[in-house]
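Chains R and W supply the protein sequences, listed in that same order.
Residue 3 is where the first sequence starts when you use my numbering, and the numbers rise one by one after that.
Residue 3 is where the second sequence starts when you use my numbering, and the numbers rise one by one after that.
I should point out that these hints are in silico values taken from the structure, not numbers from a laboratory.
A quick note: this is a predicted structure, and the numbers were derived from the prediction, not measured.
Do not rely on the hints blindly, as some may be mistaken.
Since the list gives no way to pick one copy over another, a pair counts as held whenever it fits inside one copy or between any two copies.
[What the hints assert, rightly or not] Cross-link-like lysine to aspartate or glutamate pairs, in silico, DMTMM-like; alpha carbons within 25 Å at most:
1) K136 / D192
2) K137 / D261
3) K22 / D197
4) K141 / D261
5) K136 / D261
6) K136 / E5
7) K171 / D29
8) K171 / D213
9) K22 / E57
10) K171 / E268
11) K22 / E106
12) K327 / E5
13) K171 / E105
Number of protein chains: 2
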Amino acid sequence: MIETPYLLFLGDAPDSLAAKVAQGIKDWRPENAVGQLRLPGCGADLGLTDMTLAEGQAAGARTLVIGVANRGGVISQAWKDVLIEALRMGYDLASGLHNLMREERDLVAAAQMHGGTLHDVRVPTVWYPIANGKKRRGKRCLAVGTDCSVGKMYTAMSMDAEMRARGMKSTFRATGQTGILVTGHGVPLDAVIADFMAGSVEYLTPDNDDDHWDHIEGQGSLFHVSYSGVTMALIHGGQPDALILAHEPTRTHMRGLPDYALPSLEVLRDTALPLARVANPACQVTGISVNTQHMAEDAARAYLDEVETRMGLPATDPYRFGAGKLVDALAAL
Amino acid sequence: MIETPYLLFLGDAPDSLAAKVAQGIKDWRPENAVGQLRLPGCGADLGLTDMTLAEGQAAGARTLVIGVANRGGVISQAWKDVLIEALRMGYDLASGLHNLMREERDLVAAAQMHGGTLHDVRVPTVWYPIANGKKRRGKRCLAVGTDCSVGKMYTAMSMDAEMRARGMKSTFRATGQTGILVTGHGVPLDAVIADFMAGSVEYLTPDNDDDHWDHIEGQGSLFHVSYSGVTMALIHGGQPDALILAHEPTRTHMRGLPDYALPSLEVLRDTALPLARVANPACQVTGISVNTQHMAEDAARAYLDEVETRMGLPATDPYRFGAGKLVDALAAL
């Protein structure tokens, strides 16, 4: 569990694209971000108040979050000066960098001296159990994609936000580094040891109130040969009551696999649902989430209408048009 | 790659059940085992020549293999005395114990001093790539089970042995600790990091001659919620040309999951084949391997006849009745 709220460190990021993690925190948990800290030459700007470490602390920040990618595969001395000063002042640090803070001796030494915690969210810090498959109380929803990176995280976050806005009981359950940094906790599933993947998802989504929904962040795709095992573990460890089919209609092949075509939504449905019913015989496919970012609004709406008619399921782009339809379908279950 | 041949260390194993790994080596690679080394009180006996370390070395042994489970979760001093003496004499050590040799300071020190290698086969020593899904040359066969522990490894080993006896080009590809110790190499798939599972299987089964068969050791089951992700990675990383359905007819529920029933062979076929065709559109289900160890011979033969008729596929217990039928089907592909 990462202590909130955060001061978002943007470093010397060349542009806002490099600050995707920080942007995700600002978009989905603005209450977690008291401000941004930028170094000279930083080209990224989240539109938050620029703060020094002292100003961030005065505003209540408990953790300095590295919300940008670093350059050249090393944590630069300019960054380290800030990070070590933050530790000295009593901040914890959280990072999704490939370079682990725990492998940097000066950061480790400063953390030990000042009692701060280094959260490298790419690596698990828990010994997860092997999945036991026992039925858990509460409801769970999982988005499964025709491909990787089609908007599964945004779908889950949108549905969670919509449910909470309606006063429903709902939790977003992060399984990737961005989601973990946004919410302060979760399981870095792609870094879990094979035998414990499904168990880590059970751990992430424990017993809950009967009317509580977990929105589990999806990963990979059953049809993406590099990562399908991770998706399978989410389907069986998560024992979802509801599946959302996620799709990006303009993609011409599977991400990173030029020789692999995307499956149709029908094939995705007919593959994922029987597998999900192994762990939860009551599971249903309840909606379709389409990432329409590369389509004009008219084309996007026409596509959604067509899909809705063809599949007989509510279809929307939850980020662009709201998650209301998808939540309606869960509320009606 | 573990240097062969081996001297098999049986320690103070109470009985032969505790020496399963050593038994597997003796059954499947007798040419790899020059003899057995037993401590006072050892109740296990493989029927191999009892040897001292010096006699094993004189017989050509290069590696002392710990072929038994240890007791109480520690490597005892009595064992260590032998292991350290073996290192001093120039042996390498190989172990599938949960206790890692590399975490025992005295073993590490002795290995460094004498230039020996400690092979802890439960943990990966390679940085595997992320799977790229590219079509590889050569043929691959994978057994998929209705459950875990239904005989997938013995099926693969039997088919490999039968092919080699026929002069066909064939390799058994180990994905578990016993298989790795038997053959001297492989991937400990259940200990690989999630994102690299399928890539490790691609690494294990590289391009080969067009008429060469890899027999990939299966793991888990698509229907076993604890381990299904590992099975999925084998199906996509292995891109098999042929699937063998593996089954144990007397089992009343999924191993370790009392509330989960086994799927039928038909459901297994209809689930696994479409998933396999994502990575290899030419994949076919070519046979059925039944573990009949808990059935009388008459009942076993009757069951196999019934399954063969019902499924329209050759069915056998390869360990009991030979793998000929299964290999015939691959040869006819």
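Checklist entry - When no copy is named, should K22 and E106 be tagged within, between, both, or neither for a Cα gap of at most 25 Å? => result Only inside one copy: K22 and E106 sit 24 Å apart there, 43 Å across copies, limit 25 Å.
Checklist entry - With identical chains treated as interchangeable, where does the CA-CA distance between K136 and D192 reach 25 Å or less: within a copy, between copies, both, or neither? => result Answer is both; intra-copy 23 Å and inter-copy 21 Å each pass.
Checklist entry - How would you label the pair K171, E268 (within, between, both, or neither) given a Cα cut-off of 25 Å? => result neither (31 Å within a copy, 40 Å between copies)
Item to check | Alpha-carbon proximity between K137 and D261, which holds within one copy, between copies, both or neither at 25 Å | outcome: between (39 Å within a copy, 9 Å between copies)
Checklist entry - Are the CA atoms of K136 and D261 at most 25 Å apart within a copy, between copies, both, or neither? => result Between copies, since 8 Å is at most 25 Å while 39 Å is not.
Item to check | Homomeric proximity label, K171 with D29: Cα distance no greater than 25 Å | outcome: within (21 Å within a copy, 57 Å between copies)
Item to check | Homomeric proximity label, K22 with E57: Cα distance no greater than 25 Å | outcome: within (23 Å within a copy, 64 Å between copies)
Item to check | Copy assignment of K141 with D261, given that the CA separation must stay at most 25 Å | outcome: Result: close only across copies, 19 Å inter versus 37 Å intra.
Checklist entry - Given identical chains, is K22 near D197, meaning Cα to Cα at most 25 Å, within a copy, between copies, both, or neither? => result Answer is between; shortest inter-copy Cα gap is 21 Å, intra-copy 31 Å.
Checklist entry - Is it within a copy, between copies, both, or neither that the alpha carbon of K327 lies no farther than 25 Å from that of E5? => result neither (33 Å within a copy, 62 Å between copies)
Checklist entry - Within a copy, between copies, both or neither: where do K171 and D213 come within 25 Å Cα-Cα? => result within (7 Å within a copy, 58 Å between copies)
Item to check | Intra- versus inter-copy proximity for E105 and K171 (alpha-carbon distance at most 25 Å) | outcome: neither (39 Å within a copy, 46 Å between copies)
Consistency with the previously given hints fails for numbers 6, 10, 12, 13, ordered from lowest to highest.
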